[in-house]
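Given these sequences and hints, build the entire structure.
Listed here are the chains, written in short residue letters.
Protein chains: 4
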Amino acid sequence: MVAKSGRVLLAYSGGLDTSCILAWLIEQGYEVYAFMADVGQEEDFVAAEKKALGIGAKKFFLEDLRKEFITELIYPAIQANCIYENVYLLGTSLARPVIARGMIAVADREGCDYVSHGCTGKGNDQVRFELAFYGLKPDIKVIAPWRIPEFYNRFAGRQALIEYAGKNNIPVAQTAAKPWSTDENLFHISYEAGILEDPNTTPPPDMWKLTTAPEDAPQQPQRITVEFAKGLPVRVVVPDEDKEYTDSVEIFLALNSLARKHGIGRIDIVENRFIGVKSRGCYESPGATILRAAHVDLEGLTLDRNVRALRDQFITVELSRILYNGHFFTPEREFITSAIPASQRTVNGVVKLKLYKGNVVIEGRTSNEGLYDERQSSMDELGGFEPTDTTGFIAIESIRIKKWAQANIRKGQAGVSPRDVYGSRV
Amino acid sequence: MVAKSGRVLLAYSGGLDTSCILAWLIEQGYEVYAFMADVGQEEDFVAAEKKALGIGAKKFFLEDLRKEFITELIYPAIQANCIYENVYLLGTSLARPVIARGMIAVADREGCDYVSHGCTGKGNDQVRFELAFYGLKPDIKVIAPWRIPEFYNRFAGRQALIEYAGKNNIPVAQTAAKPWSTDENLFHISYEAGILEDPNTTPPPDMWKLTTAPEDAPQQPQRITVEFAKGLPVRVVVPDEDKEYTDSVEIFLALNSLARKHGIGRIDIVENRFIGVKSRGCYESPGATILRAAHVDLEGLTLDRNVRALRDQFITVELSRILYNGHFFTPEREFITSAIPASQRTVNGVVKLKLYKGNVVIEGRTSNEGLYDERQSSMDELGGFEPTDTTGFIAIESIRIKKWAQANIRKGQAGVSPRDVYGSRV
Amino acid sequence: MVAKSGRVLLAYSGGLDTSCILAWLIEQGYEVYAFMADVGQEEDFVAAEKKALGIGAKKFFLEDLRKEFITELIYPAIQANCIYENVYLLGTSLARPVIARGMIAVADREGCDYVSHGCTGKGNDQVRFELAFYGLKPDIKVIAPWRIPEFYNRFAGRQALIEYAGKNNIPVAQTAAKPWSTDENLFHISYEAGILEDPNTTPPPDMWKLTTAPEDAPQQPQRITVEFAKGLPVRVVVPDEDKEYTDSVEIFLALNSLARKHGIGRIDIVENRFIGVKSRGCYESPGATILRAAHVDLEGLTLDRNVRALRDQFITVELSRILYNGHFFTPEREFITSAIPASQRTVNGVVKLKLYKGNVVIEGRTSNEGLYDERQSSMDELGGFEPTDTTGFIAIESIRIKKWAQANIRKGQAGVSPRDVYGSRV
Amino acid sequence: MVAKSGRVLLAYSGGLDTSCILAWLIEQGYEVYAFMADVGQEEDFVAAEKKALGIGAKKFFLEDLRKEFITELIYPAIQANCIYENVYLLGTSLARPVIARGMIAVADREGCDYVSHGCTGKGNDQVRFELAFYGLKPDIKVIAPWRIPEFYNRFAGRQALIEYAGKNNIPVAQTAAKPWSTDENLFHISYEAGILEDPNTTPPPDMWKLTTAPEDAPQQPQRITVEFAKGLPVRVVVPDEDKEYTDSVEIFLALNSLARKHGIGRIDIVENRFIGVKSRGCYESPGATILRAAHVDLEGLTLDRNVRALRDQFITVELSRILYNGHFFTPEREFITSAIPASQRTVNGVVKLKLYKGNVVIEGRTSNEGLYDERQSSMDELGGFEPTDTTGFIAIESIRIKKWAQANIRKGQAGVSPRDVYGSRV
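Residue numbers (UniProt numbering), protein chains in the order written: chain A, 1 to 426; chain B, 1 to 426; chain C, 1 to 426; chain D, 1 to 426.
Keep in mind that the hints are not guaranteed to be accurate.
As the list makes no split between identical chains, a pair holds if one copy fits it or if it spans any two.
Said to hold, decoys possible - Cut-off 25 Å, straight-line C-alpha distance, at most; resulting in silico cross-link-like pairs (DSS-like, lysine-lysine):
#, residue 1, residue 2
1, Lys354, Lys209
2, Lys178, Lys411
3, Lys354, Lys261
4, Lys4, Lys59
5, Lys243, Lys67
6, Lys230, Lys411
7, Lys59, Lys141
8, Lys230, Lys209
Note that these hints are calculated values from the structure, not bench results.
Here it is as structure tokens:
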């Protein structure tokens, strides 16, 4: 085998896989720099640096990307009510673009020829990372060991990795590996693989890491308010703790803390990966679950009906898919997100929430936007409204429907009966 | 004033409004038949019949529409995951088509010249009823007193109605009117108007009628399973009660009962009415909330990704809007629902659920459809999967993205940075 | 009858209808100002002014709105490829917002209490005008005589108008009225009503006013080029006339002239009006037909595939409907158009066209955008492309499809055969 | 090299590429059967059979798929108005599913272990064929020589193929290869590659094979009528030839013949291939161009507005993409096409057309559906229509818009001016 050469920037996690990859890349002949992104995960970065350098990394880079993760990725997703397949709030998907961008910035600055990562060959993350790399630096070269036969055939199974670690001075944590994999950041934690691959296995209670179980959450509800400006959270008030948060990062962290305490944000789903394989995942997205509920609610009060409907059908759906599939640095993402501001201009106001044992309960909302008019919507007074106008409205709305009904009747169609045409009948 | 003539079928509720309308129509010269639909609301139908006949109705018709409400309206909406503006499960909207169809059937059979209802002139229900009437019988004539100036000017306020009732032998319930209006059926109950018109007023705890408050719900979670065939619930098992339900109506009623006990299905929203007015509504949809969660979950396991995405974007959104706006007996509803069966062919399986204090927790699911493949999705084995295929997939997926990135770089565009283009920046 | 009072700004056309409305409004007691917009229609504005003042208008306002019509309405519609129901280029719809805005500006400045127009009660234009008025000045009052019973009952038929004109010193053109109605501006002319109401009547050859019949157009094709920058036409070159146009208004007028000469832009359709009535219309949109063809073509070369698909499905469809229905001054239009610029950033280049007897033939196109790559798309060389990558791509794309086919086969489903499921079979 | 073994069914065209592939497969050790589909292309099938057997194919199969191509693929695409990227009528895409199905049927019956084709590694057809193979028979194995390095490296260029042909008794046509590639069937012919790879090169006049140039088409227009039942053409009348066609295949062939004579159906585009590469293609789709124009027109008269709009946005767009990308035998195609029948139930009637030098001119249409009502749409009479109803309609439609305008005004927003928000301004 001819020795490879060149400088590789490796996305390093501190774990067994990327430690072995680090050693293996060096063994192949590469010079390796290790890269870690701080996106809020619970991690001993000092130990990780020491470990990477101990294995043989020439340099170690730690980038604190928490603020841009919140303000550039998470908050726009909140503005657009992003959600994948009705349920998943996209926590892993949202972190990938900032990590990839941080990596490409270092690779550029440090003159790296390659970037490398430890993602498996069946998942979404390899796609998200690599499409992001190419969208930022189209000529970058990527080394994905778990898709290189000489690597994955050699390390088929955890035992092979452990043995390799032993031979390469890679410290292996003494704790038994948990029977699932996780990905954590300040937005969420994911659990997949291992025992979770049977979609009928209920996750064991001790799997959930970020949130208290609803059963163990406080018996007393807690009230908070969240204020939005242009669809972005700008103030969280927690009266019973006498706290108020206005900094964008602190707001998110405070909501996270409240939601964790009250058991908010757990889900368990089977989702469809970009590569077309179904996959079971469990997630905790505490603060984001509160934010989404509050934002959706405030849009009821402050967003025009037609804008809301168009935004739901186009932006929410498309941006969620774009994020999930790792198409962040693409023209379509640029296009879709360009319409967000016009959808959020009026989303200003305050939402009252009750947090209680897994529930986010909306208790009221206010706004100065003036799109809601108590008098006008009142059933008890006319409010500048002429009821006869509605007669005209219904008359016009029924023109088309009457014509169709007449045609059906003339043709003896049973078409008007839901019995014949409604979905469940067939 | 010339006396009117002809036979009117009045949608009668037994309450003050429609009782006064009944008397007023007679006063105008019409012969009036009273119609009540049993769609599962809590009501003393015997007393209502007596009351209507006492006021002067020539005939009284009570139609039990519960079964068709569940099987023809509710279940297809479950199949399509219908939801309006992300939150509202459409309980009132779903009942209107069966009630209108029941009324038109009686009007036809009994030779009525008119149908009449007591809906206000600002709401959705007048539109839903009348468009349904016209879609079924385009030449029917509708009398909507709350949109007739001589009626609404005469009865401007509850007091005028009470006085009129007094003069017309209409018994008025002694209980003080609640400071909101409700519409109830076996799917849900709605609360609106009155004190709820201030969207920042938290509903008083005693308003909620159908469900236990989460705070008062049992301390012990309860487990159930729901089985679906072609997207329709066909079996509910409640192990700790040793119960099993397979009849379509019984399934729904059993889920309703379980959800009520566990405080499941309350919402509080500001929604956009068809006529363009924003309106605050509170709803309890107990059983439907469980069914929707279970159905959405099972689709993760059993529905193709692309079908799901297309169905979400087209059928779910459009059918929900069609239902909300009262466009049930229309060509577009016929068109949209014609695609439901093809979307539900594979939605077969069983979902395990935990009910606890307002939460519907998914604990697992199974299916024989075979679209989920543990080996294939496993991160721990290759499962007939060539990791190198993904390399090709990513290479092809990146062609377009690389070209775009190269063009941006050549033009010195900052377009690739999310900082510049992401929504929140503007 | 009590005399009305207040100042009315009337959209005046110079024709019989609005002349009679002018006289009638004065008769009712109003002070009337007449307003005309020059949007490029063929009209003797001087004669119209004289006529209006002769009938009794206190003031006359002529606003030249041609430039804003082209640059603010027409060009964005070209950028978005707007088209209604696959065929209609929206010529009348596009003019209404600029006319309404011009009128509201005069009404504001001149202290008018009312605006008035001569649109019929069944058409789209009344809706377009009035929704635009309300979107610009929500408290403006509108007088729509053709929807006021005392007006339309009195003037039921052209003869009544002619007689009224005679009594009110309103000159009536000697020429017989054409058996159809028209609306003209520099974008197009429309024909409807009269003999065209039978949708099977072929329009008489002498109806068409703007364009030469293809049969009578030149035997020699003519070549031109159109250059676009960010999706807007910025240069038209006509080599055989040795002409070049770069001014935005001149470009449009030049294309109009070329298209008229070559018989380009006639259509004949049945369309669906906003009020739900089907209507037959014939249109000539000469220059716009060339521009649309050229713009659509250039997007093939310069617009990303995914952006194009999303834009087609969302912006093109929704903006066309918004324009047609007169929802220009609305939040949804603001929202939808906010995404146009991001879709047109790369639409830069030149299209070669041949004009010949009704045909706009694309003969080639160039661009410096670099999204098209001859080497890469070449079937004759590899072009930096690994054919084996496609093997991986197809393998991944087929995962989901194979799973579905396997499930079908196991279940003995005939579902995979198009014979059973394809549309035409039912 | 170890000899391969097993039986291969090769999609054989009779041309140089697949002849060499046939010889090469035999050389590799396979037993090869040759398959040809008659989808209406101009071809000497007898000569092709002789050639295939001469090269060494063990068997030769010719399947006449013309009828199913027309009735199962083309007609449903007409019903759904399928079109890709606004312009391309999908002629090649439509043929692939019937060819693939024919091949799989033979492969099944004849016990073939493999199927093989001669598609290049950069195009759409490889994807269309292979995804169809897998959707019909998920365990079939595919040999795609142009993606196998030992094949494409050996045959890099036409000269290598010619030399190989010489050594293997493969007759090479004496005519010089045309500087482009074509794919022909009875729906269309495509031209791509070679000199067409420069998108600014105007195709030479002698390239176009199916249609007369508009310049050379008859000076006299020709009139025909096309009758549709449920959106399918059921009768074509050509009065000046005294001809009438009612057989589904004859109808299509007759329209093809008429369109070819009148120079109808040429296009020249740059399109986006599924693999993300832009590609220039020229197409002639004569009969289909007439049919599409006629079908779209008749829908104006006979299809409900809302059904049409939903169908355009969902079915037309999605089915076109599905067809283009080769996703025919997939769950999403099954889903989407299941909604076609409900959209075409009322599309019954006759369209009058004039064919003239490239133009398909609509001259009128009739239907008994009764959705068009001359009296109701008439501008000259009331037609059972109350103009005052429209006043109510506009009043209700403006509620939302006025509220928004009031809010803008109160906030001093310039948002209502198109100057600030319309696309072209940025």
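Results for each hint:
no.	hint	result
1	Lys354 - Lys209	both (23 Å within a copy, 20 Å between copies)
2	Lys178 - Lys411	neither (67 Å within a copy, 38 Å between copies)
3	Lys354 - Lys261	both (13 Å within a copy, 20 Å between copies)
4	Lys4 - Lys59	within (19 Å within a copy, 50 Å between copies)
5	Lys243 - Lys67	within (21 Å within a copy, 52 Å between copies)
6	Lys230 - Lys411	between (53 Å within a copy, 14 Å between copies)
7	Lys59 - Lys141	within (19 Å within a copy, 47 Å between copies)
8	Lys230 - Lys209	neither (33 Å within a copy, 36 Å between copies)
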